[in-house]
Amino acid sequence: MALPPHASLGEKSWHYCYLIICALIFLFLIAPILVIIPLSFNTEPYFTFTYEMLTFDPKGYSLRWYDNILTFGMAEPDRPRNNAWWDDVWANAAWFHAFKNSLIIGIAATTFATVLGTLAALGLSRPEMPFRRTIMALLISPMIVPLIITATGLFFFYAAAGLAHTYLGIVMAHAMLGIPFVIITVTATLTGFDHSLSRAAASLGASPVTVFHKVILPLILPGVISGALFSFVTSFDEVVVVLFVASYDQQTIPLQMWNGIREQISPTILAVATLLVIVSIALLTVLELLRRRSERLRGLSPG
Amino acid sequence: MAMANKPSPETETTLVMADGQPLKKALTRAMRRARLRAFLLVIPLLAFVLVTFALPIGQMLYLSIHNPVFSDYMPRLTAYFNTHPEEGVPNEEGFAALVLDLIDAKKNRTVGRVGTRINYDRAGSSSLFKSSARKAAKFKGPSYKESLLEHRQDWADPKLWNVMRRAANAHTFDFYLAALDFTHDANGNLIKVEPERRIYIMLFLRTFMLSTLIAGLCLLLAFPVSHLLANLPLRYSNLLMILVLLPFWTSLLVRTTSWITLLQSQGVLNDLLVAIGLIGDDGRIQLMYNQFGTIIAMTHILLPFMILPLYSVMKTIPPSYMRAARSLGATPFTAFVKVYFPLTIPGIGAGTLLVFILAIGYYITPALVGGSSGELISNQIAFHMQSSLNWSLAAALGAILLFGVILLYWLYARLIGIDNMKFG
Numbered sequence: 001m002a003l004p005p006h007a008s009l010g011e012k013s014w015h016y017c018y019l020i021i022c023a024l025i026f027l028f029l030i031a032p033i034l035v036i037i038p039l040s041f042n043t044e045p046y047f048t049f050t051y052e053m054l055t056f057d058p059k060g061y062s063l064r065w066y067d068n069i070l071t072f073g074m075a076e077p078d079r080p081r082n083n084a085w086w087d088d089v090w091a092n093a094a095w096f097h098a099f100k101n102s103l104i105i106g107i108a109a110t111t112f113a114t115v116l117g118t119l120a121a122l123g124l125s126r127p128e129m130p131f132r133r134t135i136m137a138l139l140i141s142p143m144i145v146p147l148i149i150t151a152t153g154l155f156f157f158y159a160a161a162g163l164a165h166t167y168l169g170i171v172m173a174h175a176m177l178g179i180p181f182v183i184i185t186v187t188a189t190l191t192g193f194d195h196s197l198s199r200a201a202a203s204l205g206a207s208p209v210t211v212f213h214k215v216i217l218p219l220i221l222p223g224v225i226s227g228a229l230f231s232f233v234t235s236f237d238e239v240v241v242v243l244f245v246a247s248y249d250q251q252t253i254p255l256q257m258w259n260g261i262r263e264q265i266s267p268t269i270l271a272v273a274t275l276l277v278i279v280s281i282a283l284l285t286v287l288e289l290l291r292r293r294s295e296r297l298r299g300l301s302p303g
Numbered sequence: 304m305a306m307a308n309k310p311s312p313e314t315e316t317t318l319v320m321a322d323g324q325p326l327k328k329a330l331t332r333a334m335r336r337a338r339l340r341a342f343l344l345v346i347p348l349l350a351f352v353l354v355t356f357a358l359p360i361g362q363m364l365y366l367s368i369h370n371p372v373f374s375d376y377m378p379r380l381t382a383y384f385n386t387h388p389e390e391g392v393p394n395e396e397g398f399a400a401l402v403l404d405l406i407d408a409k410k411n412r413t414v415g416r417v418g419t420r421i422n423y424d425r426a427g428s429s430s431l432f433k434s435s436a437r438k439a440a441k442f443k444g445p446s447y448k449e450s451l452l453e454h455r456q457d458w459a460d461p462k463l464w465n466v467m468r469r470a471a472n473a474h475t476f477d478f479y480l481a482a483l484d485f486t487h488d489a490n491g492n493l494i495k496v497e498p499e500r501r502i503y504i505m506l507f508l509r510t511f512m513l514s515t516l517i518a519g520l521c522l523l524l525a526f527p528v529s530h531l532l533a534n535l536p537l538r539y540s541n542l543l544m545i546l547v548l549l550p551f552w553t554s555l556l557v558r559t560t561s562w563i564t565l566l567q568s569q570g571v572l573n574d575l576l577v578a579i580g581l582i583g584d585d586g587r588i589q590l591m592y593n594q595f596g597t598i599i600a601m602t603h604i605l606l607p608f609m610i611l612p613l614y615s616v617m618k619t620i621p622p623s624y625m626r627a628a629r630s631l632g633a634t635p636f637t638a639f640v641k642v643y644f645p646l647t648i649p650g651i652g653a654g655t656l657l658v659f660i661l662a663i664g665y666y667i668t669p670a671l672v673g674g675s676s677g678e679l680i681s682n683q684i685a686f687h688m689q690s691s692l693n694w695s696l697a698a699a700l701g702a703i704l705l706f707g708v709i710l711l712y713w714l715y716a717r718l719i720g721i722d723n724m725k726f727g
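First to last, the protein sequences are chains A and B. First residue of the first sequence? That's 1 in the working numbering, and the numbers climb one at a time after it. First residue of the second sequence? That's 304 in the working numbering, and the numbers climb one at a time after it.
Just to be clear, a hint being listed does not mean it is correct.
The following residues of chain B were derived to be distant from chain A, with all beta-carbon distances above 12 angstroms [claimed, not checked]: (1) Gln-324; (2) Pro-347; (3) Leu-349; (4) Leu-353; (5) Thr-355; (6) Tyr-383; (7) Asp-407; (8) Lys-433; (9) Asp-457; (10) Asp-574; (11) Ile-651; (12) Val-672.
Computed footprint of chain A on chain B; a stretch qualifies when at least three of its residues, placed anywhere within it, have a C-beta under 8 angstroms from a C-beta of chain A [said to hold, decoys possible]: (13) 388 to 394; (14) 415 to 428; (15) 476 to 486; (16) 490 to 496; (17) 540 to 553; (18) 580 to 592; (19) 623 to 636.
One-sided excerpt, in silico: chain B residues whose CB lies under 8 angstroms from chain A [stated by the list, open to error]: (20) Val-345; (21) Leu-358; (22) His-603.
What the hints contain is simulated information worked out from the structure, not anything from laboratory work. Values in this document were obtained by computation on a predicted structure and should not be read as measured data. Glycine included, C-beta positions come from ideal geometry on N, C-alpha and C.
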């Protein structure tokens, strides 16, 4: 990107203008996410920087909103913090309850979506698959169809099928929403897959199951894992379907945030949001490591 | 026919397997088995998606043309309407059917739902049905028409009877008409609703315009950034890519919360503007709960969906093309317009369509930062699902939106191909 030495003055000034524009756009992308992190340590119940915060006065910062994540919804939050207090957190704290639900639903839906999605991607990536494009289009469509429409349909369907307000119903819905991501990432991995490897294994006497376990799976594993991560994030982030078909018992973190923003918005939301940003940084790191591993395995030059 | 006695070349040169069967036949069978095996792998998922996705949406579409509330809970009156097709206020026989149905509906606690159903088309009917049903049990004798009219004069309104007559048809396109701001007048003619109630066409148009604007803004912001990412050495571009991928991976609600924090009238942006003296403390700008809030938050949220496809296309354009154009005498501007830009069009198409498709179905962000002037059609669907409980209208609005999305999806599949969809 460096300018050649013969660049004219106009070109030079345009080049620096361009770099500044890019920097501003990057700022637009990242600043809203970073700005909530310091604000979540605010002592005051405000959504803006106080004078104490700007002068880095320790009095301006506190962990009270993080503490509030634990105490919100508890029966007796002011008791001494012994084992009984922690039992109260485990049983009653609203955010903790939502976190447990998000984790249970997310893991169940991801497992379901990854197993079924990987099997289907194996079938879809075979050249002899009939109606390939049509079926692919149908399987991807949950990602494209607006969530509000899917949620409306599920609302009526679950009411009739007795699946409303059940964990099973939400797990099924989230698995369905995660499947397109698994299909896309796994088929993308399989396009670079050399099918003569599995033929070679078969000709050496391996059963189809052995071929899958020893040859195919290790090679497509990065695609499977990143598909699973996508589908987990989809479930962990999904609120519209949960809003329509869940009751309080199945309240997830996004739904609790949604209720928090609509009813009594307090900086506790910012504390939760900060924790979620840390989770996304962790996921991003895992994904980047996977990408490097798969590039190394395929003998591509490392980035 | 002269050829008939000549042995056909096929039988003469047929290759056979070790067990004697023709190779061609064995190959066809093997191909069929391979097809079946591929299909079997897909079957479980296909069945799952059909049941949890296609079936519910089909059911919703059916609900938009089928609302049996009235015909189920008011069977006698429905039968009366079927045998007496004339319009207007009926005679004693019709009123008798109405009163007996009201008494039953009261007993089965369904009168509220019937009242709500009529209330969609005629305001105030909900309370009319409830009070009349309460009263109906006390009516003595056959002069039902007189007693009911004595209770409430509304029952002499021919418009009410025409509304009930139409509601008695379980299969109806009335909800689609309502979703397009049409209704029936007292004589059953199709008319537009009163100007102040024409909201759906306006909302569909607004959804379309805002999505176009958001897709345009995303393109404008994504283009320079993608160009930079595609042309920097990998060392740097991988680092900068984190700035794109982190928002992409961050929860939608977290990003919406961030924008609420920034845009509030007591929020960070307004405070900053006050601090540097651009506006006074009493002149804080309303940045949120209007269209501006929706546009800026959705542009931020959807921007990575534009950058990623654009980047992957720009990555494949060799830098030597631009150098070649320059060395042949093109100015930087001409080289960009004639050489570089045309090569990025597949990426522009993919990104714009993707952002547009995602934007027209957005619900969460407009609901939280949009206020009433920034709400989109999805918010009305949610309103009818959760508050007004006019589910058939919600389904009809959803069906129109779905039709638009499927059209765009088809376009996407034709122009770009679903196989080319990638993330990260």
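Results of checking the hints against the structure:
{"no.": "1", "hint": "Gln-324", "in the structure": "holds, 21 angstroms"}
{"no.": "2", "hint": "Pro-347", "in the structure": "violated, 6 angstroms"}
{"no.": "3", "hint": "Leu-349", "in the structure": "violated, 6 angstroms"}
{"no.": "4", "hint": "Leu-353", "in the structure": "violated, 8 angstroms"}
{"no.": "5", "hint": "Thr-355", "in the structure": "violated, 4 angstroms"}
{"no.": "6", "hint": "Tyr-383", "in the structure": "holds, 30 angstroms"}
{"no.": "7", "hint": "Asp-407", "in the structure": "holds, 24 angstroms"}
{"no.": "8", "hint": "Lys-433", "in the structure": "holds, 24 angstroms"}
{"no.": "9", "hint": "Asp-457", "in the structure": "holds, 32 angstroms"}
{"no.": "10", "hint": "Asp-574", "in the structure": "violated, 5 angstroms"}
{"no.": "11", "hint": "Ile-651", "in the structure": "holds, 17 angstroms"}
{"no.": "12", "hint": "Val-672", "in the structure": "violated, 9 angstroms"}
{"no.": "13", "hint": "388 to 394", "in the structure": "violated (count 0)"}
{"no.": "14", "hint": "415 to 428", "in the structure": "violated (count 0)"}
{"no.": "15", "hint": "476 to 486", "in the structure": "violated (count 0)"}
{"no.": "16", "hint": "490 to 496", "in the structure": "violated (count 0)"}
{"no.": "17", "hint": "540 to 553", "in the structure": "holds (count 10)"}
{"no.": "18", "hint": "580 to 592", "in the structure": "violated (count 0)"}
{"no.": "19", "hint": "623 to 636", "in the structure": "violated (count 1)"}
{"no.": "20", "hint": "Val-345", "in the structure": "holds, 4 angstroms"}
{"no.": "21", "hint": "Leu-358", "in the structure": "holds, 6 angstroms"}
{"no.": "22", "hint": "His-603", "in the structure": "holds, 6 angstroms"}
The earlier numbered hints that this structure contradicts are 2, 3, 4, 5, 10, 12, 13, 14, 15, 16, 18, 19.
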